[in-house]
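J.: Just so you know, we're using our numbering here: the first sequence kicks off at 1062 and counts up by one.
Just so you know, the hints here were simulated from the structure itself, not pulled from any lab data. Beta carbons: idealized from backbone N, C-alpha and C, even for Gly. Check before you lean on any hint, since a few could be wrong.
Computed Cβ-Cβ distance ranges for the label pairs, DEER-style [what the hints assert, rightly or not]: (1) Lys1335 x Asp1242: 29 to 37 Å; (2) Arg1331 x Ser1408: 50 to 58 Å; (3) Gly1083 x Lys1324: 18 to 26 Å; (4) Ser1064 x Lys1145: 23 to 31 Å; (5) Asn1205 x Lys1335: 19 to 27 Å; (6) Ala1278 x Glu1067: 19 to 27 Å.
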Amino acid sequence: MPSNAEAAELFRSIADLLDVMGERFKPEAYRRAARSIDSLTEDLATVAARGELRSVPGVGGAIEEKVREYLSTGRIHYLDRLQKEVPPGVAELLRIPGLGPKTARRFWVDLGLEGPTEVLAAIDAGRLTGVKGFGEKKIAQIRNAVEAARGTGAATRLPIETAFPIAHRIVRALREGADADRVEVAGSFRRGRETVGDLDVLVTSRDPSRAFEVFSALPEVREVRLRGSTKETVVLTNGLQVDLRVVEPESFGAALQYFTGSKDHNVLVRTLAKEAGLRVNEYGVYRGEERIAGATEEDVYAALGLAWIPPELREARGEMEAARTGPLPPLVDEPSLRGDLHVHLDSGADAGTVERLLTEARRRRYAYLGVVAAGVDAGGQPIRVAESALERLVTVSTAKLRVYRWTEVDPAEDAAALLPSGPDGFVLRPSARHRAPPVEARPPGIVILVAHLGVSDPSATPVAREWLHYAARRGAAVEVGPGPERLDSTWARSAREQGVRLVLPTGLLAIQDDPTRPVALAWARRAGAIPNDVVNAGPFRAS
DNA sequence: GCCGTTTTCGGCCCGACTGTTTTCAGTCG
1062 MPSNAEAAEL FRSIADLLDV MGERFKPEAY RRAARSIDSL TEDLATVAAR GELRSVPGVG
1122 GAIEEKVREY LSTGRIHYLD RLQKEVPPGV AELLRIPGLG PKTARRFWVD LGLEGPTEVL
1182 AAIDAGRLTG VKGFGEKKIA QIRNAVEAAR GTGAATRLPI ETAFPIAHRI VRALREGADA
1242 DRVEVAGSFR RGRETVGDLD VLVTSRDPSR AFEVFSALPE VREVRLRGST KETVVLTNGL
1302 QVDLRVVEPE SFGAALQYFT GSKDHNVLVR TLAKEAGLRV NEYGVYRGEE RIAGATEEDV
1362 YAALGLAWIP PELREARGEM EAARTGPLPP LVDEPSLRGD LHVHLDSGAD AGTVERLLTE
1422 ARRRRYAYLG VVAAGVDAGG QPIRVAESAL ERLVTVSTAK LRVYRWTEVD PAEDAAALLP
1482 SGPDGFVLRP SARHRAPPVE ARPPGIVILV AHLGVSDPSA TPVAREWLHY AARRGAAVEV
1542 GPGPERLDST WARSAREQGV RLVLPTGLLA IQDDPTRPVA LAWARRAGAI PNDVVNAGPF
1602 RAS
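Starting from the given sequences, assemble the full structure and let the hints guide the process.
T.: Take a look at the structure:
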């Protein structure tokens, strides 16, 4: 069965092969189309059926045709042809860090080396020694890279929730130890993408060498890969690459804008600047030699006639056009969260747990809590609830902090449980077993959240789509956030497009550096959600 | 191969770092 992910992968393969063939601009065109296809919220087949493939950014006539061919036959002839011309090992060379298309092509065309194994053999045989462009260091570097790539395979991206505590430890260390005034993690981390390939850390510091020292000395650092006067690259023990850049305060906004990306967004920014006779780089916005902006991101965007664009929206999906006409609608943010509607008090919860929960809820000025007080878990077993903790929580329910009781149900197993019997609402826990939601089971006037909707397994996708439709018809909300059982930003965007409201977990009982709340917020923001789109970002009343 | 509120043709972001170079090419982000 065709999938968007597979189509994108095929176009990336085409791009790699064209790279090796020495094409200049086509590879980037295919990659851009692949990125667009990856971020679609609909199936390509659906878009194709409406005849709207050309409206996907980066898809023109030639790629549209290839998409149609893929959808009807599962293959792309053009790719088959390229694969016959380029040996598979040559494309493999491209994926080795430090080896690019030029080197891969030289190995293949000039030296007849058709893959990593042959390259290693050639190095061992001394065949590269004395070849123009290959000095001693370069050869050693290639050998190391090829050998390292053998063990690990393709570079993997880390889930943002895994990178989150690491990023925060780095930021703290730099703030405290390096005399750094401003410290920000830019890149896809700042855009709140689901996964990050590396971390880009920007600092301003009166003492750059001190910043590099502190950075290199972090306990997680496995090796320092390169160090210049403004930039240092290290690799952590878990394989994550982290770049630290020291920038001048008057350029901080420009650098932050530049390194936050995305690539496609920045291309649009630079193109717009060019049209206005300006130049943008990581140091600022320039008219001729004169810097007219750079200290803050707001200045940079303003100099181009744009409203500031939240990082989560910088994906070249129409945000530039929106920012031209005025300020963007304020996205949901931390202060707009007014409560948590999906709290679990597991069997270990005690009076201390309740106190921590209440203290944190009051500190954040939350107005309500929805606590799961009964129900069944994914295995159909009754959920174990700490009764005394629950009682304690319900008794402190006041007008200022209202506590609601929820029943969590697996709707297929227990449709009868959906009849009203005291609780204030239901948390649905759809299991992968049902092909369709229980359309008629929802009693009127009862609040429903669709949570625990696992979509990490691609085979669950059709089920999840049905649940979104269900939510759209029934006015239910869906839970967005990190973890295998919540929806990511692409799903959140899909939900919004169908008029489905979101509910965000807030990590009330979380420990330091917990990613739950910030990541859930980032994903809702990537979906363009304003407070009105989020159930727990406003007043709430169970009916 | 894509794209257009200066373009349907002629562009396509731009600077740091590294290594191998007598002034630059390749890679990366």
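J.: Tell me, in ascending order, the numbers of any earlier hints that this structure violates.
T.: Violated hints (numbers, rising): 5, 6; every other hint is consistent with the structure.
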